[in-house]
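Asks: Using the numbering used here, you'd call the opening residue of the sequence shown number 709 and step up by one each time.
Think of the hints as simulated: they come from the structure by calculation, not from any bench.
For lysine to any residue, the following SDA-like pairs were computed, each having C-alpha atoms within a straight-line distance of at most 25 Å:
1) Lys1073 <-> Gln1267
2) Lys1346 <-> Pro1056
3) Lys863 <-> Asp1314
4) Lys1073 <-> Gly1347
5) Lys819 <-> Ser963
6) Lys819 <-> Val891
7) Lys924 <-> Asn860
8) Lys1106 <-> Ile1084
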Amino acid sequence: FPDDESSELRASFAACYNRHSVFAFTGIRHTSSRRLLYSITSGQIYSKNQPSMAAMDSVLNSTNQITLKVTDENISTGQAQAANKNNKDEKKLTSFIRKNLIHEKNKGGWKYASILLANQGLATLAFFGVGVNLVLFLTRVLQQENANAANNVSKWTGTVYMCSLIGAFLSDSYWGRYLTCAVFQLIFVLGLVLLSVLSFLMIKPTGCGDGFISCKPLSSIFAAIFYLSIYLIAFGYGGHQPTLATFGADQFDESKPKERQSKTLFFCYFYFFLNVGSLFSNTILVYYEDSGKWTLGFLVSLASAVIALLSYLMGTPGYRYVKPCGNPLPRVAQVFIAAARKWNVVVPANSDELYEVAGPESAIKGSRKILHSNEIEFLDKAATITDNDLAGPKNPWKLCTVTQVEEAKCVLKMLPIWLCTIIYSVVFTQMASLFVEQGDVMNSHIGEFRLPAASMSAFDICSVLICTGIYRKILVPVAGKLNGNPKGLSELQRMGIGLIIGMLAMIAAGATEIQRLKYISPGEKASSLSIFWQIPQYVLVGASEVFMYVGQLEFFNGQAPDGIKSFGSSLCMASISFGNYVSSLLVVMVMGITAKGDKPGWIPDDLNTGHMDRFYFLLAVLTAFDFVIYLICANWYKGINLDEDSCEKEMEMKLDEDDVLRRV
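With the hints as constraints, model all of the structure from the sequences given.
Replies: Laid out in structure tokens, this is it:
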């Protein structure tokens, strides 16, 4: 509105607009012979982050939604012109409301979450198009030994998921989920472009790397560019993964029971689509790459990544956005420093005496309040009010709110659970390294057709897809009736089951290796034992993923405070990262201990002279020991306790559009 016509109206807007409450405002402007009363009354049209455009569109676009009361004593020709001018003002008012006061509430939902699920599937197809056969690329094209190739793959995969912490930090602190996903997907695409071009130039002669034709040695420059390209892929894919999961969860309003259930279901579908995407990579792409058509496989991965990025950008107008809550590192550091400064201060017995800001909102921007918990009580010193705190201005390095203290507690309480998942990730990472090397020295022929060893992971994927359906349709209803939990099993229970099944997978892999060694013919590289003996170990790993990784996604995302949601999701990926590093370390340690003198060691270059079965059994023992520790940590853990009263008030203030129209 022009300044000369709208100062009173603007002041009325500024005084009355409050995104946390039901609002009603009246703007009044006098003309020479006409008094306009703009009266808009609505129910709460507020989502967690923003008011609703959809609800207000209904209000603004129907004849009963904006009431223009006109008191007109004597309308003259001049007054009629004023009325026309006022009609223009009404349109300006509508435009002003839409642009400045109203943001869409009905964004997101399954429509836009589905775009993100498709993005997950396409990006995963592209990623595994590179990763699933990387160990064979290193041994056949770069001519590395088996142990070195397995270690390099473990380090690379570990870097992929370590980058998830970087993406989560940028998402929670500065960029927000949307921008973080977009930037890292662009880096992912650039890495694939570089790898595709490089593979075309460096793989000579054409068709080499198929297990029969040897490739020419690469120059150091080509090797350096190759590692740059795959680590760009690792950085891009790893950085956007946890943020994408959290961004998808943001599309559902947690204050609504139906959408809260949809949010839980989203994580199941998220992991489901991850496996759907990798299914194509583990079957079709693996076949072409295994036959020496590496460049074709990388180009298909590139095309999939480009489609994923474009589809993601197309959904921009409809996503629900959550603003970043600022850097959490200073907040957590403030808690520890404030507690250390007050080391000798006695914490009050009544938690209500601890410091917390008044009102429904916490001091952390965009985060709900968290109620006090009794665990890790020494941190409560940071929220204990002393005479010095009352005397001077508030210093966050000396006095923290209860919510800020509880945020730090949540991180500390989740760490023991997270550490217990690393050994499982060691089990999981064997699928991309030792399982493939084991299958490569087994009989993989079906008639004249040779089945690529890496394609056996399709059984893992099918196991995930089938077990996800069984869990959702059978186990959840049955368990829900038995224990009263609508989720069937808690996240911690599912993660424990995943550990047990992972241990069984290692026992199955060890048993398969024992059988493989029995069917070795002198002078032959491959055992005559069929590669399909690997099916049980792949199926068991797939079943364990449904319980462990889906449970992890739900647990860490649900237990993380609002200000560090992406960090919570990244813990699942970071577990895989550390699992790969630990796996690499274990291989080095085992080879260092077992390969002495004339002994080839457990995992030599010629697997027929080694004892990889013992390595699998070692992992089974470590997993069993880890399970015992996990039970202790899970029993000790107490979940986050949000301020439900403020949440209920928020829910009560959210009226649907029909209520808005009825009130108008």
